[in-house]
Amino acid sequence: MGRIVLEQITKSFGSTQVIPPLDLTIEDGEFTVFVGPSGCGKSTLLRLIAGLEDVSSGRITIDGQDATELAPAKRGLAMVFQSYALYPHMTVRKNIAFPLRMAKMGPAEIEKRVNNAASVLNLTDYLDRRPGQLSGGQRQRVAIGRAIVREPSAFLFDEPLSNLDAALRVGMRLEISELHKRLTTTMIYVTHDQVEAMTMADKIVVLRAGHIEQVGSPLELYKNPRNKFVAGFIGSPKMNFLEGDEAKRHNAHSIGVRPEHIEVSDSKGDWTGVVGVSEHLGSDTFFHIHDTGLAETITVRAGGEVGFRHGDRVHLTPRSDVIHKFDAQGLRI
Amino acid sequence: MATQQSRTLARYMMAPAVILLLGWMLVPLTMTLFFSFKKYLPLRGDSLENGLEWVGFQNFVRFISSSAFWPSVSTTMIMVGGVLIITVVLGVFLAILLDQPLWGQGPLRILVIAPFFVMPTVTALVWKNMFLDPVNGLFAHLWKFFGLSPVEWLVDYSLGSIIMIVSWQWLPFATLILITAIQSLDSEQLEAAEMDGASAFHRFIHIVLPHLSRAITIVILIQTIFLLSIFAEIFVTTGGAFGTKTLTYLIFQRVIDSQNIGLGSAGGVYAIILANIVAIFLMRIVGKNLDR
Ligand SMILES: Nc1ncnc2c1ncn2[C@@H]1O[C@H](COP(=O)(O)OP(=O)(O)OP(=O)(O)O)[C@@H](O)[C@H]1O
Ligand SMILES: [Mg+2]
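Residue numbers (this note's numbering), protein chains in the order written: chain F, 1 to 333; chain Y, 1 to 292.
What the hints contain is simulated information worked out from the structure, not anything from laboratory work.
Given the structure is predicted, the values throughout are model-derived calculations rather than measurements.
Note that CB positions come from ideal geometry on N, CA and C, so glycine has one too.
Hints may be right or wrong, so weigh each one.
So, partial list: chain Y residues that the calculated Cβ filter (under 7 Å) puts toward chain F [to be verified]:
id, residue
1, G45
2, E49
3, E53
4, Q189
5, A192
6, E194
7, M195
8, D196
9, A198
10, P210
All chains, please: the whole structure from these sequences, using the hints.
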């Protein structure tokens, strides 16, 4: 169980309101990701749910029970911190056992649960080490282990992978997703990495300055962004935005075309430009096209074999069925 | 200092300091050892020029068989132990308190540190005359206010009073070290413990105290070094009477009051031995905290 409902939640630090009134429902078993630029209040929102910060006004309900005034430990949630927050003077075993000891569980039961968590997370060989003797990925797993032994009704993750290198991040991403599939417990995951958001989430919550810009499944946000901010935030590389005559032709204030929805050709096309930097990823190539007369640069995704060079003149054709149109306020038409 | 060259260089650079410190330590030490085997009573006409009589271990035997010796050792241990316990316990408490966001935190911290800047002699005088005096002291007035008869602190509770005075003086040191340690505690660890269901008491026991263990060790070791040689506080208040005669004070009396330098030097050697025993015990008990 782990249905979390936020009603008209606000949070102010002194006189600055970080979270304006906000409503959100997180269904039981859902993997929800909060994304948004730095400083938009993702961590604050998570800490409000955890109970580490008090809400300024509003109501938090967990499993139908009012949790607004409840102490963090009483909410039945477990949190994994960005810095892992392991207890440095305790061994891995003691770290994982700590919440159980605090819950006054019997030694036999503790032993069983710790060993179980350790085998799930491949930590069995490290149980008697201290956190200082572990690698970043192993520490991360210990932090997750400490969270899962309590069998909480929901997990809260605050940018848990941001201290890991790229390869490890991909690995841990899969492990966390797998963990979610197996435990089917509600998870709330904060990140500013939209790739993590897209790959892991059942539901993405896009935040800007404390406001929820849009809530939806990854593909929903990708296909139907509600406004320019979401359109620009979801998808990599970023969507191209064009204004002026080209937008007017589509009866919009501005239009957006994703790099993967533009054809490049050396012979014919709607727009023309000059190739600037090209990024070869092997499977794909990203061309940054200048001098189109539409926008400063237009990013285009092409196959890995497409081999235009710097300075080549090319022709571009957007796929007309996936052009996003926005009005003057940035809202999607 | 990884390479051969930098190691050699480091040795040359450190040499002057090492030689100076060694000389500083070795000269008095050898002189003490030298005198401890001699009969040296200046008032009886003994002097270095005339040559001193070699008496073997006679001074050592006399010093240890004096009825004042063992009581002085135990007084020393009680005083050092008492002050250590009070300063560490109150120091942890104060450090936690001062780490909270308080109004007027800056001035408050300076006030807490202040006693450390007062000279030991002055501290003792202030306490003796302003607080503990049975006629004019603040405590005497307080007792009288509640209709009680004033306590003769320095007579009836002499050792306790001196422990209190010295603790007052050393508490700022402990607080200062512990507050810097407490500030380096990652707040996310405390939050994690809070989410794990640890009460404030358990957070203190399982998170804060282990985090402070190294700082507490340092406080204990440094304070012990200074507390073993406490002198001014005793000299000013009780003059070694009423069971406040520490080993240091006993040596002082042997050398100055009895004018027996040989006997005092033997006491000095015992003091060195005692200090080393204490050091070994301390390192056994708390020293492992420094290895992490
Ligand atoms: N304790 C605090 N006191 C005052 N302001 C705060 C406090 N904590 C956060 N803020 C402010 O609230 C805003 C949101 O902070 P928050 O940490 O939630 O951002 P975030 O979305 O997690 O950013 P990041 O991706 O960089 O972690 C920021 O503008 C920050 O300055
Ligand atoms: Mg954050």
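Problem set entry | Residue hint A192(Y), partner chain F, criterion CB-CB below 7 Å | Constraint on A192(Y) satisfied, holds at 4 Å.
Exercise. At a threshold of 7 Å, is the proposed contact between A198(Y) and chain F supported by beta-carbon distances?
Worked result: holds (5 Å)
For this session: Hold the hint about E53(Y) up to the distance rule: shortest CB distance to chain F must be less than 7 Å.
Result: violated (59 Å)
Exercise. Regarding the hint that E49(Y) lies at the interface with chain F, is the smallest CB-CB distance below 7 Å?
Worked result: This interface hint is violated because 62 Å lies over the 7 Å limit.
Exercise. How about M195(Y): closest beta carbon in chain F under 7 Å, or not?
Worked result: This hint holds: M195(Y) lies near chain F, its Cβ roughly 5 Å from the closest one there, short of 7 Å.
Problem set entry | Residue hint P210(Y), partner chain F, criterion CB-CB below 7 Å | holds (4 Å)
For this session: Let me know if the C-beta of Q189(Y) comes in closer than 7 Å to any C-beta of chain F, holds or violated.
Result: With a minimum Cβ separation of about 5 Å from chain F (threshold 7 Å), the hint on Q189(Y) holds.
For this session: Identify whether the interface hint at G45(Y) stands, where standing means a beta carbon of chain F within less than 7 Å of its own.
Result: violated (63 Å)
Problem set entry | Proposed interface contact between D196(Y) and chain F, which counts if any beta carbon pair is under 7 Å | Hint on D196(Y): holds, closest Cβ of chain F at ~4 Å, below 7 Å.
Exercise. Should the interface hint for E194(Y) be scored as holding, given a Cβ-Cβ cut-off of 7 Å against chain F?
Worked result: With a closest approach of 5 Å, the E194(Y) hint holds.
The structure fails hints 1, 2 and 3 (numbered hints given earlier, in ascending order).
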